[in-house]
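2 protein chains.
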Amino acid sequence: MKTRVLSGLIMLPLLVILYLGGYVLFAACLVIGIMGVREFYNGFRAMDVRPNFAVACVAAVALYAVGLFGGDSAEWYMAWFFGVTVVSLLCLFNIEHRKLEDAMATITGIFYVIFFSFHVTLVDRTEYGLMIWLIVITAFGTDIMAYFSGYLLGKHKLCPHISPKKTIEGSIGGILGSVVLSGVFGYIFMPDVLVHCLIIGLLGGVISQLGDLTASVFKRKMGIKDYGNLIPGHGGILDRFDSVLFTGPMVYYYIVLVMGHIS
Amino acid sequence: MKTRVLSGLIMLPLLVILYLGGYVLFAACLVIGIMGVREFYNGFRAMDVRPNFAVACVAAVALYAVGLFGGDSAEWYMAWFFGVTVVSLLCLFNIEHRKLEDAMATITGIFYVIFFSFHVTLVDRTEYGLMIWLIVITAFGTDIMAYFSGYLLGKHKLCPHISPKKTIEGSIGGILGSVVLSGVFGYIFMPDVLVHCLIIGLLGGVISQLGDLTASVFKRKMGIKDYGNLIPGHGGILDRFDSVLFTGPMVYYYIVLVMGHIS
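Protein chains in written order, with the working numbering: chain A, 1352 to 1614; chain B, 1352 to 1614.
None of these hints come from the bench; they were simulated from the model. It cannot be assumed that every hint is accurate.
It does not matter which identical chain is meant; a pair holds if it fits inside one copy or across any two.
Below, in silico cross-link-like pairs of lysine to aspartate or glutamate (DMTMM-like), each with a Cα-Cα straight-line distance of 20 Å or less [said to hold, decoys possible]:
#1 K1450 / D1399
#2 K1516 / D1577
#3 K1572 / D1399
#4 K1570 / E1426
#5 K1576 / D1399
#6 K1508 / E1520
Turn these sequences into a full structure, and let the hints guide you.
Written out as structure tokens, the structure reads:
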């Protein structure tokens, strides 16, 4: 428990980055994405799968370049998806030293870590850029509230095969916590769209847990406990941001697809 | 050789579909994409990998719905990529019966087969819709010309570990054939953009061979000779369209990214 609280404090510099936004956030997301995908690929080593980290780095830089210069048109993003998939597959031409799994893990890692985390920068650039805070409020709020409510009330196991300590009571507490925290945020900073903040809180409470469990599944299958050891005792980048990978896109698509059409 | 020529004739109905374009082409691409991804997934069975075909079907229908109703905005396509990746990963929650490879193969198959083949419909809707013919001219033209020039002149192996029969002479002949055939097509039907047709012919001559070899790598790693047996003696859908998967996106991105900016 002490560790959990401390790990929260270590996130403080990130709050500054979120507050600054713009190019600072843009650069931070790129760096965190690349560090994250490296951890993800390292996890595959135990399975004797060797994804191509160089391809992921080029893909990350290319995606952020598209974000900067590609405008809002679909073509450049789609070309990026095509390019990432083709280049990852072409690595298999070194057929004697490559397995299909290497290319499939390269592709999965780029989309799961780099593309997902990229959405944080996209939210920052919408007309509701302030909602970037909801990405972390739903992710970390759910996590912390689920931990405490599970600690106090937890009785029924949620999914013992994936994450043995999680309970249904904790999961519900996490969702409620996310809704309340998002509501408080909306009430103070974005009262005009309070109801949207509450809905994002609800969705975020669910999807951040899915993000958490997805990372648990990966780690379990890879046979590792943590993705990394960046902050001693707190695991790696991906251990901290597994929920953000899911809440970032959720908030973005909520803004552009739901709010964009209502308002 | 007789088989090759015959397989050409069997493609005739496809020419009618290409000529009609519009919704007929749209529906045909959706069906071919779904049949193709099924063959692709079946190939994984020999490796004891079980991708989720149901997810691929839903993903295919969703992508074509985005193509119909999503307009030209990036958001819906990006949401599709996010959704495909998330849903494929969530299948791993059935952790005792699923391997990481199952989800990674699901993702790879959807992007490689469904997303790539979808570009044929996108070309049809550009202002240079006639260039849809260049997708097949470069794909099948390269294949046929490479076969004949390899047959007549072939001496030096191209990549014996991937495809033992292919020669450097055949490869060069295929590229030249693609340029000549695309040039003839451009001269007759699109003289205004003849030079673009020639460039597409050159790029297509290279990338269609990469598409062919990529399929060969997959089949070799999967331990199968052909993807399917749809047309007896001619393999499956993917055996016939392996090059189109690559030339389709190439022609599309050439039109929207290169020609779109020049003209």
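A quick look at each hint next to the structure:
In this homomeric assembly, K1450 and D1399 come within 20 Å of each other (Cα to Cα) both inside a single copy, at 10 Å, and across copies, at 14 Å. Only within a single protomer do K1516 and D1577 lie at most 20 Å apart by alpha-carbon distance; the minimum there is 15 Å, versus 47 Å between protomers. Proximity of K1572 and D1399 under a CA criterion of 20 Å is satisfied in both settings, with 12 Å inside one chain copy and 16 Å between copies. In the homo-oligomer, the alpha carbons of K1570 and E1426 never lie at most 20 Å apart, since the shortest distance is 35 Å inside one protomer and 31 Å across protomers.
Only within a single protomer do K1576 and D1399 lie at most 20 Å apart by alpha-carbon distance; the minimum there is 17 Å, versus 26 Å between protomers. Taking the shortest alpha-carbon separations for K1508 and E1520, only the intra-copy value of 9 Å comes in at or below 20 Å, while the best inter-copy value is 64 Å.
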